[in-house]
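Chemist: Residue numbers (the working numbering), protein chains in the order written: chain A, 1 to 227; chain E, 1001 to 1227; chain F, 2001 to 2219; chain P, 3001 to 3219.
Don't read these hints as lab results, they were simulated from the structure. Don't take each hint at face value.
As the list claims (entries may be wrong) - Listed next, the in silico BS3-like pairs over lysine-lysine satisfying Cα-Cα at most 25 Å (straight line): (1) P:K3146 / E:K1129; (2) F:K2166 / A:K134; (3) F:K2166 / E:K1151; (4) P:K3166 / A:K151.
No experiment lies behind these values; they were computed from the predicted model shown.
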Amino acid sequence: MINKIVQTMAEAMEGIKDGSIVLLGGFGAVGQPNALIDGLIEQGAKNLTVACNNAGTGRIGLARLMDLGRVSKIICSFPRSSDPVVFETLYREGKIELEIVPQGTLAERMRAAGAGVPAFFTATGVGTKMAVGKEHREIDGRTYILEKALKGDVALVEAWEADRWGNLTYKQAGRNFNPVMAMAADCTIVQTQHVRELGELNPDHVVTPGIFVDRVLHVPYGDPSGF
Amino acid sequence: MINKIVQTMAEAMEGIKDGSIVLLGGFGAVGQPNALIDGLIEQGAKNLTVACNNAGTGRIGLARLMDLGRVSKIICSFPRSSDPVVFETLYREGKIELEIVPQGTLAERMRAAGAGVPAFFTATGVGTKMAVGKEHREIDGRTYILEKALKGDVALVEAWEADRWGNLTYKQAGRNFNPVMAMAADCTIVQTQHVRELGELNPDHVVTPGIFVDRVLHVPYGDPSGF
Amino acid sequence: MSATTADFKPFTRQQMAQRAAADIPEGWYVNLGIGIPTLIADFVPLDREVIFHSENGVLGMGPAPEKDKIEPWLINAGKQYVTMRAGGSFCHHADSFAMIRGHHLDLCVLGAFQVADNGDIANWATSENDTAPAVGGAMDLAAGAKRLWVLMEHTTKDGQAKLVSKCTYPLTAPGAVKRVYTNLATIDVTPRGFVVTSMAPGLSFDDLQARTDAKLHLA
Amino acid sequence: MSATTADFKPFTRQQMAQRAAADIPEGWYVNLGIGIPTLIADFVPLDREVIFHSENGVLGMGPAPEKDKIEPWLINAGKQYVTMRAGGSFCHHADSFAMIRGHHLDLCVLGAFQVADNGDIANWATSENDTAPAVGGAMDLAAGAKRLWVLMEHTTKDGQAKLVSKCTYPLTAPGAVKRVYTNLATIDVTPRGFVVTSMAPGLSFDDLQARTDAKLHLA
């Protein structure tokens, strides 16, 4: 019997190596896998590259992971989230590398990794600092730049419902980067608000099919506004 | 009030021009917009390029459109569907151009058009006839070829449910190429089994959001196995 | 801004938003940038159906919720709570940006630091050496939407022109802006350059030109 | 095939499928090509959970339906009616091929015209001048799945070798095949070339080599 549901955070985090590329789902506090981030803090992997829309808020979660010196590079679109004090301090001191990526390019680079596309052309960033050093090409009268796929070793994802095959649904804007990251990583680890029996999820309504999911941990934390 | 629901086939087909690139949804008989294809036959546009997984079956639908000499080129992955007599005759006589595209590349080229990606690299077809004349590139140790986006002037799509904003759901394997084609064409025309009131479709369950849809015609034809 | 040259009434932020809102026809798919552009939604009556999109996979947003009706999972790209209209839908980030980058949005309205009369926009970093500039979805929106409008003050707080002949701040996208709504005027970006289509009451064309770096034209 | 050299029993199609099925561990995501490979599903017991994928956006297929329980919208890539297991899901074609092309399938099993001992596979066209060859999803599957196995007769009906030192038919993908199940043997494709891991009862290695164009090795 396939059972991707793990019982402990230690099982969920098992084997995450130093130097991993970690994709962190969520947009703002919504759909953010807070428990898994705490699990990663506990687990101890260091020298991580983290891809996430923001660069952490306050001193908890991703900010705490950075504060502990465990993140060597962050790939994000918007490091100026509310209260990015930890990131800004580390960045000013030269203790963290930053790769700024337009938000849509960030999403598309991960989707490309998940879909077997190693590189693609895009108009986003043409004529800006983002295009410096990148291959340019005119296609049908418009100029584009080449962007490469962004593949994760690990993705940490938050779902609304999950079953033992790893099928996932999301709630409202909690979907955001989560399904894209789930398909882009070698090992996708999910925290889910609800566990459903196999067959309870309508096959037409599954958003992330289990093929993209490796481990599921039940974390019924409730309301994201508390974070 | 936005109302994409049209009352007649003539309205649904209005303005389709000679020389258009027409994307035809469906896989086998499932999710195939049969009524709209008949509407296109009636409408009269000619010199069409049709992108579809197959090249028509028997003497109805797409096969009839070809038989009437209205299709100058077909882009498909599998021209040998069951009973492809019309296509094979035309092709043997040099009366129709054929572009064979691997099925996944076909889907990805249309998805790329819908997502603003003019070209992308893929491993599919490398080392085969499909790669002849295409740009090759080694990326991270593997060889890829460059494929271009495939954009439609018109997409004909079959849905299970639709509302007046053009939001769509699909039934089971009836989804197939339909959502991909819906996002890849300038004018997406839908035939739907069921019309729902605005707000009846759960926002978490909409598969094709109305932004990708221009016109909806209610065609409650029932069971695809009759075709 | 210096107010020495004339006795005129600049538009308030609400009026700026209202003017932009009046120009949005029913049926358009529209993304409103963080800041003043967000106000535009308040001036589109619900019975004129305009479909608002947010980068985080939300299509068909309605007005802000009443305090006791907040849905904690329902935020926009500015991390504000929003509501969903009947007919709205959710999608993931790659699909949401496919809408943007695939030219499916009829309109995006952004704020800006500078707009040049060739349509260049600078709205994400105020220096080439900005230590950690935050771009978010601005470059995707500017490059991808069918039309880009800008809603911004006509000058900086210390009177520097923001409508310029050449942007000095790092670009968000070249040649993208089609129209600018400021507190002083509405200005189209055309092959001729900036074309003024309306001005704040009491403001003369010369007054407006005096507050503008690039050359202005009359419609 | 000439049967003059030995008294042996070739595997039936069912036995070929059964042998391949026995080698598929629980939990794998598997795409079965049209034809003999489809039979494999019949030999995986339902309590060994193997998740079958079909190109047309179906993940988690079960056995063929009873005649009175056909779902008209539920077909596989071979256009046959199928059933859905609890835990199955539907997706669109681009997402379905993302599973294939993004290396998420553990295994694909295809039929073939020829397999070379460097792993080249030819299974879509029998001539360079084929007028209208039909490729379907074969190239995506061959290039994208983590493992490609081939299930085919060891020789053509008129005794031509299908396991060759170089494919003469147009390739589906170079260097893709990892294992071949034929009616005569199971053969791994390794850096050394073809390595025979089992043979039909009564068949000698020399008999097998005589029916094979490429050089065979013993495990």
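Chemist: Now tell me, hint by hint, if it's right for this structure.
Modeler: Structure-based check of all given hints:
no.: 1; hint: P:K3146 / E:K1129; verdict: 23 Å, holds
no.: 2; hint: F:K2166 / A:K134; verdict: 24 Å, holds
no.: 3; hint: F:K2166 / E:K1151; verdict: 35 Å, violated
no.: 4; hint: P:K3166 / A:K151; verdict: 35 Å, violated
Violated hints for the displayed structure, listed by number in ascending order: 3 and 4.
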